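S.K.: Next come the chains, spelled out residue by residue.
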Amino acid sequence: MSDSKEILIVEDSEDNVIFLAQILEDHGYRFRVARNGKEAMAELGERRPDLVLLDLMMPRKSGVHVYNHMREKPDLAKIPIIIVTGASVATGVDIRTGEEQPRDSYGDEMARGLGAVLHDALKGVAPDALIEKPIEPQSLIHKVNELLR
Amino acid sequence: MSLNGNNRVSPRDPASDRPPTVQRRILVRLVPLLTLLFAAVLYWLGEDLEKTLYSANMEIARQSNVMTVYAVETSMITDSVHQPWDLMAQQFPRVEGTEIEVINAKGVVVFSTNSTRLGTRGELSGPSCSGCHEGGTTRATTETTVITTSEKEDHLVFVAPLRNTKSCQKCHPAQESKLGMVRVQRALGPIQGYIRAMQTGVAVAGGIALLITMLTTQMLLGRYLGRPLRKLMAGARAIGSGNLQHTVEVSSRGELSVLADTLNASTARLARLQEELVQTERLAAVGETVAGLAHCLKNTLNGLRAGQYVVDRAVELNDPEKLRTGRRVMKSAVAQVERLTFDMLYYIKEREPELEPVDLNQIVQEVIDVLQESAGSQKVDIRAELDPEIGAQALDRTAMYRALLNLVTNAIDACTESESGDLVVVRSRIAGPDEIILTVEDNGIGMSSEVRSKLFTRLFSTKAGRGTGLGLSVVKKIAEAHGGSVAVESEPGQGSAFHLHLPRASA
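Same order as they appear, the protein sequences are chains X and Y. Counting along the first sequence from 1, when you hit position 16 you're at 38 in my numbering, and nothing is skipped either side. Counting along the second sequence from 1, when you hit position 398 you're at 1144 in my numbering, and nothing is skipped either side.
Bound-form chain X, shown alone:
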């Protein structure tokens, strides 16, 4: 049923690409890989994927950039996006809703450090699903299946 579906993995970490690719392969999905935001744009321009697994912090155009690009293009706007990130705590923005979270004392410090670059950009980013690292293969595939049903 799902063998015809193709997923675009946008991820700069080699190890994570191996991980995601193995999970998708095990469940019969086809995939392509983009190592950064710029490559992702190129891949999106070349062929429309059925779903995008999107990392947020990447060199050469961040995941937020890719997200905004996709939502602005009418032909890409409907493609489900799953954000895969380890930075959700750090940004002070709830990535599920794109709203700013009330920060506690350490969240503030973290936002200044780890998530500062993303903090402002993330406001208004509301993906179809969010997977936080460390990735739980079962939960990831469950969300993918759900969005591609």
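Source of the hints: derived by calculation from the structure; they are not laboratory data. Predicted model, so just to flag it, every value in this text is computed and none were measured. Any given hint could be a false lead.
As the list claims (entries may be wrong) - Anything over 10 Å on all C-beta distances counts as not near chain X; from chain Y, calculated:
| # | residue |
| --- | --- |
| 1 | Leu776 |
| 2 | Thr798 |
| 3 | Thr820 |
| 4 | Thr844 |
| 5 | Thr959 |
| 6 | Gly1239 |
| 7 | Gln1240 |
What the hints assert, rightly or not - The calculated lysine-lysine pairs, modelled on PhoX-like cross-linking and capped at a C-alpha distance of 25 Å, are:
| # | chain 1 | residue 1 | chain 2 | residue 2 |
| --- | --- | --- | --- | --- |
| 8 | Y | Lys1125 | X | Lys60 |
| 9 | Y | Lys852 | Y | Lys912 |
| 10 | X | Lys27 | Y | Lys1068 |
| 11 | Y | Lys1044 | X | Lys165 |
| 12 | Y | Lys1044 | Y | Lys1095 |
Glycine included, C-beta positions come from ideal geometry on N, C-alpha and C.
Since chain X is already given, all that's left is putting chain Y on it; use the hints.
M.R.: Okay, now just chain Y, sitting in the frame of chain X:
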């Protein structure tokens, strides 16, 4: 952080513990002034007294005069001329400073309480007579006169005529209107002296009384106001300098003890708040650290889970190639844990560097060898430009290796994050007789001034999951432990250069 920092009070000498009080100011400035003023007022009131006494003297003189006139007339009538005069001579000298004379129409003194003047004749043109007897005439222009002279002593002179009344005309011809005169003289000198003495006495006594009153008040103020105030001030100073355990004990009742109680209550509250603040800050610091570590561990755990997942699948599929891939992923995660662990330990531990003669260039080469492969896979070239003259230096080998590893890893990451970054250069050079500089330079993404300012802040990282946020803090700590420092040059898009300044010691 404590509240002490900003409120430090410079130590003072014990003498200044006495407050520079209003009391003392009153004592020094106001008391002498008030005393003098009070004395002057009293003296001025004494002037008034003098006038009153003058009037009284005048009355005495007038009464004496009237009495004398009456006595003369009576004695004339009874023809016992000498009898009342003898009596008067006996009585009047007792009136101190009073001289009474009866002078007949020829100007001869026929009676005087001063016996030396008896029988003498006054010059009508003389200074004391000419006032009424103009041009020395026997006729006086006025009936009754008061003369005061002040040549030697002040005298009050009262002069009154003896009229030729009907009763007199039995013996004296009627055409003579006056038969002579009575002259009463009072010496004012002794009285004035007395008045002056009294004035001065009253002024001095009054001044002293006022002074004593004020000093007593001051003493009482000092006792009941000054001492508690000093205690309050010492308390406030102690609290100000950070001793929040200090309490002020004031024994007096009233406003000051209320003030002391308020101060004590405020201090207790401040101490409580400070403790809460310290507690909150401690918790926040722990929270930050834990959150940072959790974040880093989450990413490491992701790597381990990825490796494990791939290895599991490789075993199931009996795929040796996949097995190797899985093992590599796991190894890289393990290396990350190792790095985090070392950074944490090095960051927390206060340890003296274990110095030994180390070839710095050799460490650089080791670091490059370790990182060359992963750099190459990301299309980044690492080059070394080493000064062979450096030779052996006294360094902590492990620490220096770690510092360089962190710097070169960062440089590689900076390259992979930029469009065109592809080169990391590590340079060693002798910068002077006492200094060696190790430079790690890249042509990667560079940094904004904001990022640059936070570089050596604990837990600051721009590298999402890959950074621990401790790396550069550790580099800085290692440099400083060696007596050196770290400097950074960077512009966004222009790459970065980290300079590790180390003291040069010829081994």
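S.K.: Taking the hints in turn, state whether each one holds.
M.R.: Each hint, compared with the structure:
1. Leu776: holds (58 Å)
2. Thr798: Non-interface label stands for Y:Thr798: nearest chain X Cβ at 89 Å, farther than 10 Å.
3. Thr820: Consistent with the label, Y:Thr820 stays out of reach of chain X, its closest Cβ about 121 Å off (over 10 Å).
4. Thr844: At roughly 106 Å from the nearest Cβ of chain X, Y:Thr844 sits farther out than 10 Å, so the non-interface label holds.
5. Thr959: Label holds. Min Cβ-Cβ 65 Å, cutoff 10 Å.
6. Gly1239: holds (12 Å)
7. Gln1240: holds (16 Å)
8. Y:Lys1125 - X:Lys60: Given that 25 Å is the threshold and the Cα spacing comes to 17 Å, the pair holds.
9. Y:Lys852 - Y:Lys912: holds (21 Å)
10. X:Lys27 - Y:Lys1068: holds (24 Å)
11. Y:Lys1044 - X:Lys165: The hint holds at about 20 Å.
12. Y:Lys1044 - Y:Lys1095: Status holds; Cα separation ~24 Å.
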